[in-house]
Amino acid sequence: AQTVTQSQPEMSVQEAETVTLSCTYDTSENNYYLFWYKQPPSRQMILVIRQEAYKQQNATENRFSVNFQKAAKSFSLKISDSQLGDTAMYFCAFMKLTPGTYKYIFGTGTRLKVLA
Amino acid sequence: ETGVTQSPTHLIKTRGQQVTLRCSSQSGHNTVSWYQQALGQGPQFIFQYYREEENGRGNFPPRFSGLQFPNYSSELNVNALELDDSALYLCASSRVSTGGEQYFGPGTRLTVT
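Those protein sequences? They're chains A and B, same order as listed.
Just so we're aligned, residue 1162 is where the first sequence starts under the numbering used here, counting upward by one.
Just so we're aligned, residue 105 is where the second sequence starts under the numbering used here, counting upward by one.
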């Protein structure tokens, strides 16, 4: 069975600075996707970034980038130039690509607070 | 904002009652997944529907059941409510052909007293 671990329950960062959120996972699968989702206080989960396991290049989306270490089963999210609107819960999620049920396995989340 | 909507926003029920939660998928999506998010936790997979059939189930008892309609909207039904069923219930839609990302609705907050 797959598991996802986020070891930082809460973090804070000053506006305009950089912060890194950690995620590790455990799986015997070779084909899978990893995701970071953001859940602001309004509750709606929004996709931040996606990484396909077969891709060696780390995904980037504007101020968001990941450090994907497949052998170490590590998938951290770096937020550059932090903004007040980045304040939210951040969830790391795993999805295997074996045909069948495409379900997410989530970590317990990291609450990020961006300070003015 | 995603194109996924859920109703109602909040719901209060008594232990032993039954509840139905509703979800409308994003246009073009044929798969709906339901998740339960207890306070302070990550979402837990309940089940998934694809073309009106259950397509996988998490570790939830049979009193959690669902439906998917021809327009790909979906319902989650919970019978014999227990206090531990109090949670945020999230619906997510996707296109199975892409095997990829899911788009979440805002959730229904269920409180069981």
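Quick caveat, the hints were computed from the structure, so don't treat them as lab data.
Just so you know, these numbers come straight off a predicted model, no measurement behind them.
Heads up, some of the hints might be wrong.
[Said to hold, decoys possible] Chain B side only, calculated, beta carbon under 10 angstroms to chain A, not exhaustive: (1) Ser-111; (2) Pro-112; (3) Gly-144; (4) Pro-147; (5) Gln-152; (6) Phe-164; (7) Phe-168; (8) Glu-205; (9) Gln-206; (10) Tyr-207; (11) Arg-213; (12) Thr-215; (13) Val-216; (14) Thr-217.
Backbone N, C-alpha and C define an ideal beta-carbon position, used for all residues, glycine too.
Comparing the hints with the structure gives:
no. : hint    : verdict
1   : Ser-111 : violated, 14 angstroms
2   : Pro-112 : violated, 14 angstroms
3   : Gly-144 : holds, 8 angstroms
4   : Pro-147 : holds, 5 angstroms
5   : Gln-152 : holds, 5 angstroms
6   : Phe-164 : violated, 12 angstroms
7   : Phe-168 : violated, 14 angstroms
8   : Glu-205 : holds, 5 angstroms
9   : Gln-206 : holds, 7 angstroms
10  : Tyr-207 : holds, 8 angstroms
11  : Arg-213 : holds, 8 angstroms
12  : Thr-215 : violated, 15 angstroms
13  : Val-216 : violated, 19 angstroms
14  : Thr-217 : violated, 21 angstroms
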